[in-house]
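Asker: For the sequence shown, this note's numbering begins at 1 and goes up steadily by one.
Treat the hints as calculated values from the structure; they're not laboratory data. Given the structure is predicted, the values throughout are model-derived calculations rather than measurements. There's no promise every hint is true.
With a Cα cut of at most 30 angstroms, we get these calculated DSS-like pairs of lysine-lysine [as the list claims (entries may be wrong)]:
no., residue 1, residue 2
1, K315, K557
2, K162, K200
3, K200, K315
Estimated spans, in silico, between C-beta atoms of each pair [what the hints assert, rightly or not]:
no., residue 1, residue 2, range
4, A20, E524, 38 to 48 angstroms
5, P87, S310, 30 to 40 angstroms
6, S489, E65, 24 to 34 angstroms
7, S489, E524, 20 to 30 angstroms
8, A511, I363, 24 to 34 angstroms
9, P163, G60, 48 to 58 angstroms
10, I528, G60, 28 to 38 angstroms
11, E524, H447, 15 to 25 angstroms
12, R164, L225, 41 to 51 angstroms
Ideal placement from N, C-alpha and C gives every residue a C-beta, glycine not left out.
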Amino acid sequence: MTVSASTTRSYSLLAAVLMALLAVSAIASRPLLPVDETRYLGVAWEMHHTGDWLVPHRNGEPYSEKPPLLFWLINAVWMVTGVSEYPARMISPLAAIGCVLLTGRISRQLWPDSAETIRSAPLIHVSLFLWMFFSPLTMFDMLLTLLTLAAISCWIRSAFGKPRAWLTAGALMGLGILTKGPVILVHVLPAVLFAPWWQKSLRSGLAAWYGKIAGAILVAAAIGLAWAVPAALQGGPEFADRLLIRQTTDRVTNSFSHQQPWWWYAPILPACLLPWISVTRFWKNLRFIHRDRGCRFVLTWLAGTLVILSAVSGKQAYYLLPCLPAFALLAGRLLTTIPGDRPPELRPHDTAFLRYGGIVPAILPLVFNHVALFRDLRLAGLCPDWASIPLLAVALVLCHKRWHTTRTDIAAAIREISIVNVLFTCVLVITLRDGLWNGFRMDELAHWVHDRQEEDRSILWLTSYHDQLHFAGRLRHPLPDAVTLEDASEWLQRHPNSIMLMRFPQTAIPANFSTPVTDAQMTELTEILNQLPESHPLPPGTFRVVHASPVRRGLRKALMVAIETE
Numbered sequence: 001m002t003v004s005a006s007t008t009r010s011y012s013l014l015a016a017v018l019m020a021l022l023a024v025s026a027i028a029s030r031p032l033l034p035v036d037e038t039r040y041l042g043v044a045w046e047m048h049h050t051g052d053w054l055v056p057h058r059n060g061e062p063y064s065e066k067p068p069l070l071f072w073l074i075n076a077v078w079m080v081t082g083v084s085e086y087p088a089r090m091i092s093p094l095a096a097i098g099c100v101l102l103t104g105r106i107s108r109q110l111w112p113d114s115a116e117t118i119r120s121a122p123l124i125h126v127s128l129f130l131w132m133f134f135s136p137l138t139m140f141d142m143l144l145t146l147l148t149l150a151a152i153s154c155w156i157r158s159a160f161g162k163p164r165a166w167l168t169a170g171a172l173m174g175l176g177i178l179t180k181g182p183v184i185l186v187h188v189l190p191a192v193l194f195a196p197w198w199q200k201s202l203r204s205g206l207a208a209w210y211g212k213i214a215g216a217i218l219v220a221a222a223i224g225l226a227w228a229v230p231a232a233l234q235g236g237p238e239f240a241d242r243l244l245i246r247q248t249t250d251r252v253t254n255s256f257s258h259q260q261p262w263w264w265y266a267p268i269l270p271a272c273l274l275p276w277i278s279v280t281r282f283w284k285n286l287r288f289i290h291r292d293r294g295c296r297f298v299l300t301w302l303a304g305t306l307v308i309l310s311a312v313s314g315k316q317a318y319y320l321l322p323c324l325p326a327f328a329l330l331a332g333r334l335l336t337t338i339p340g341d342r343p344p345e346l347r348p349h350d351t352a353f354l355r356y357g358g359i360v361p362a363i364l365p366l367v368f369n370h371v372a373l374f375r376d377l378r379l380a381g382l383c384p385d386w387a388s389i390p391l392l393a394v395a396l397v398l399c400h401k402r403w404h405t406t407r408t409d410i411a412a413a414i415r416e417i418s419i420v421n422v423l424f425t426c427v428l429v430i431t432l433r434d435g436l437w438n439g440f441r442m443d444e445l446a447h448w449v450h451d452r453q454e455e456d457r458s459i460l461w462l463t464s465y466h467d468q469l470h471f472a473g474r475l476r477h478p479l480p481d482a483v484t485l486e487d488a489s490e491w492l493q494r495h496p497n498s499i500m501l502m503r504f505p506q507t508a509i510p511a512n513f514s515t516p517v518t519d520a521q522m523t524e525l526t527e528i529l530n531q532l533p534e535s536h537p538l539p540p541g542t543f544r545v546v547h548a549s550p551v552r553r554g555l556r557k558a559l560m561v562a563i564e565t566e
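Could you build all of it, start to finish, from the sequences and the hints given here?
Answerer: This is the structure in structure tokens:
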């Protein structure tokens, strides 16, 4: 019997609220993180101040690495709010909220008679480790995941007999191409191509089904090309070649960035799927997966996508984000209902890791701050000692639980676990604000560069520049960079009275260095800089430090300095 939506809606809404808590805690606690978030806001800013919505630009050059949909959405928001950081940063979290709601919708489509599965899937989704970390970030993957789930939902409707749902799926796939390129096909097509395996009624009409797939791909391609062709014509031959050919082929065969071996996802996948992959009941119930149509669908979706992503040259952990809803659906089903088997139970040993796993990370601030080994690894000071108090308080909520539940209340147990996981993450993110996140702020340096550009000073960035300053400083002019010392020397000779931005040599930073930077400290930095041995990366000449800003480089405390030739 089909479950009424009113009996499960509160769980999906709770998942949406938990996602909102993750977003608010992250956005309120940390700045835009270099280099991805700063770069994407920088491209959106250049689109705003140049007025060119057709060809995105980064640092004054046509930007072919990503399509424009996210940049369009950011600028659409700015048309209402004005140029501001926080409204732009809400786009990805709003998409993430839509994702967890769509996970609930798809679970209803696949298992309309299982209230426990429908309730559990969105809560499992929102509390997956990889999702909790990346979903608040301003990146393309949340929007891509939203469109992937919407397209998947339409394909399920089409497989169940809705005649025109494939057209909507094609349009959504086209928007996915405008979000992150053809990669949306990697996430959608595996489950669709193997639909006759999970939906037996399609076996009698294979030609019609695969004709719909071909038609949807044509619709998606038409939407993508409606932007790509005019953009290629306006951007010029080199931009057209990168956009239409090299961006896709190079990433597949010989990625210019993030190149990894084919097995790279295997060791990180278990960590990405924590904590739910640690529930032993999930593994015990895998043997029943072939009995269930919905499980067969999710298996083709998840396994097919992982195989293709593993074959592609470029790999990053967040490339897996659109796969996480598939795992959440599978876990929700396996933990709550298995046809043909006795009703599953959640016993104390099934959740041992869930109940006690939070204690170790809760005491890590104390360990990192007071054990010499971790001080040497630059982990001391990231999180204050007092952070262990709220973290332990949240972790201990689960420790006293000893669930022995049947299917009648297993969704409630999953709800409690999900709430605690999300709250633990929120507390952790907030307590990292002063020790870690604030070290990535580049506003001070960005505003200083803006003022120098307004004075018509020539400024060079030593090493590759990835738009770290453009949005924060609202820069209106390109910031040239020099990858090699030879290029930097030539540039400085051609531009007298210029400024060069560089990272101060890590080993040369004074031990007693503190912030805010004083004139006396800049004088000391100048003396150190001019006495460095030739082995340090610095063009020949005598320099004077005119500005210094502490900026983290990963876990390492670093110092960005602006220097003039004397």
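Asker: Under the constraints set out in the numbered hints, which ones does this structure not fulfil?
Answerer: Those not satisfied are hints 3 and 12.
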